[in-house]
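Could you put the whole structure together from the sequences, leaning on the hints where they help?
Take a look at the letters that make up each chain.
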Amino acid sequence: MRGIAPRASIALLATALVTCLTCLRYSPFEVELTDEMRDQTAKNLAKLATRQRAPVSPEHPLRFAFIADTHGHHAKWSRVVDYLNGRSDIEIVVHTGDLTDHGMSQEYEWAWEVFSRLRAPFFAAPGNHDGLANGPVLWGMMFGPENFVVDYAGVRFVFFNSNPNEWHRADPDFDWLRRELAAAGTAPKWIVTHQPPSSLPHLSEAQTLQLWRTLRRGGVDAYLYGHLHDDFAAREVEGITFAKARGADNGAFYVVTTDGVRVQLEACIVDSCVPANPVVAPGTDPPPPEIIR
Amino acid sequence: MIRALAATAGGAALLVAAGAHADAPRADAPPDRDRGGWLVPDFARLQTGGRLGMITVGVGWSALRDAIHVGATYGWVPPRHGAAAANLGSLALTLRPLGFGDEGLRVHPLYVGGGLFVGHNVMSRPAAVEEAPFALWGLFVVGAEISVREARGGWILRHGFFVEEVALGPHVATLVRNEGMHLFEAFSTAIGYRAAF
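Residue numbers (the working numbering), protein chains in the order written: chain Z, 102 to 394; chain U, 123 to 319.
Keep in mind the hints are simulated off the structure, nothing from the lab.
Check each hint, because a few of them may be wrong.
[Unchecked claim] Computed beta-carbon distance windows for the label pairs:
id: 1; chain 1: U; residue 1: Pro200; chain 2: Z; residue 2: Arg220; range: 51 to 61 Å
id: 2; chain 1: U; residue 1: Leu168; chain 2: Z; residue 2: Asp331; range: 21 to 31 Å
id: 3; chain 1: U; residue 1: Gly236; chain 2: Z; residue 2: Thr151; range: 47 to 57 Å
id: 4; chain 1: Z; residue 1: Arg139; chain 2: U; residue 2: Leu232; range: 30 to 40 Å
id: 5; chain 1: U; residue 1: Glu301; chain 2: Z; residue 2: His161; range: 31 to 41 Å
id: 6; chain 1: U; residue 1: Gly302; chain 2: Z; residue 2: Thr135; range: 14 to 24 Å
id: 7; chain 1: Z; residue 1: Arg139; chain 2: U; residue 2: Leu238; range: 51 to 61 Å
id: 8; chain 1: U; residue 1: Leu168; chain 2: Z; residue 2: Thr151; range: 45 to 55 Å
id: 9; chain 1: Z; residue 1: Asp331; chain 2: U; residue 2: Gly223; range: 51 to 61 Å
C-beta: ideal position from N, C-alpha, C; glycine also.
In structure tokens form, the structure reads like this:
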């Protein structure tokens, strides 16, 4: 018995170790995602490619949901997903970033568990929090490029990383933005990004002016953003509709409808939506104080 | 996790039982014998997992016959998938009022603790932006340990095998804010060895 017990105990300990190795996590900053969680942008682009869709027009308006800053509020976001899945008129869902608080893989996993339930294709722009720690690596694994375009229904959605600090970039990639806007020709151009068009200290004054000039010269129709976690706000300045989503901590999001020219917004809280059309402001350069934060 | 805990505890118990039969308990071997005052730690740990490192070493002090532990760890995680190596630290106080057995075999079926976690230099960024250049978060621990007396004497007094569930502040915050999340989503398993001096 005395000879068997030590061997049995060592065998059991070894079994425990091997079993445990599958559940051990070594670091909050680990970079581990399953294949199912990876390449979400490419997978959703493939979904869109299977659709037959006429170009956007008054006869064929485009309707999509726009949400922001869901980090840490997965339960509320999950309720929004339930609502959106019940609406057959939502063609895509766009997210202006901050899916995570600290750029941790566990948070990316939690976010994926929610947005992967969406029936509509889902596309996200990076938020500043998504770039913390090893967030840029995880973003690349889960979504792919941080800057990308989605051409759908004759509209070019430009998903743009406007968070140079957390993503360790000297500047946002304005050259890429200019190229993609120019390549869209006369198609409606919608920017989906995290930072407001003026956002010290996340964007310097020089970067703000460069962004503003790029928007104007690129013929941008709309600029969707989040980051601020305050109330809904929408304003049309020099022909560009700026729409700020409220933080999703209370289940807030927009439903956006466009016929290619006009933009109609519905401000929604979980399953209740009210019209929230943009206020028209006189054109100024640089951007008016209302959108400087 | 429960499977792993049970298997580890079972294995350790068998190991301990085999050793405990070999010699009678030493009367002069309290579980937290103090060597050299507070300057010398009362125990050292080697562990893995728990989001505290792949290879984690630590030292600590015990008091009140092993009912209270204060310890610090340093953990290292190698670079992988393009992510930088991580240097992780923790400082924790654990309360272990539930302990039974004799000097040969002691079991702490449940202990709880809390402290601080530091993730060094993994969030480095320009100082102009609001977040700190390192992670400093709360840390919560629930664990169990089986320890056996070292029969041959010497510097090490006891060998302990432990399993801990460790949760970091941001994960706990998310758990609290989101109804319906599973408790174990916030926790991660750590297993290790503790040598008491």
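ask   = Quick check: which numbered hints come out false for this structure?
value = 1, 2, 7
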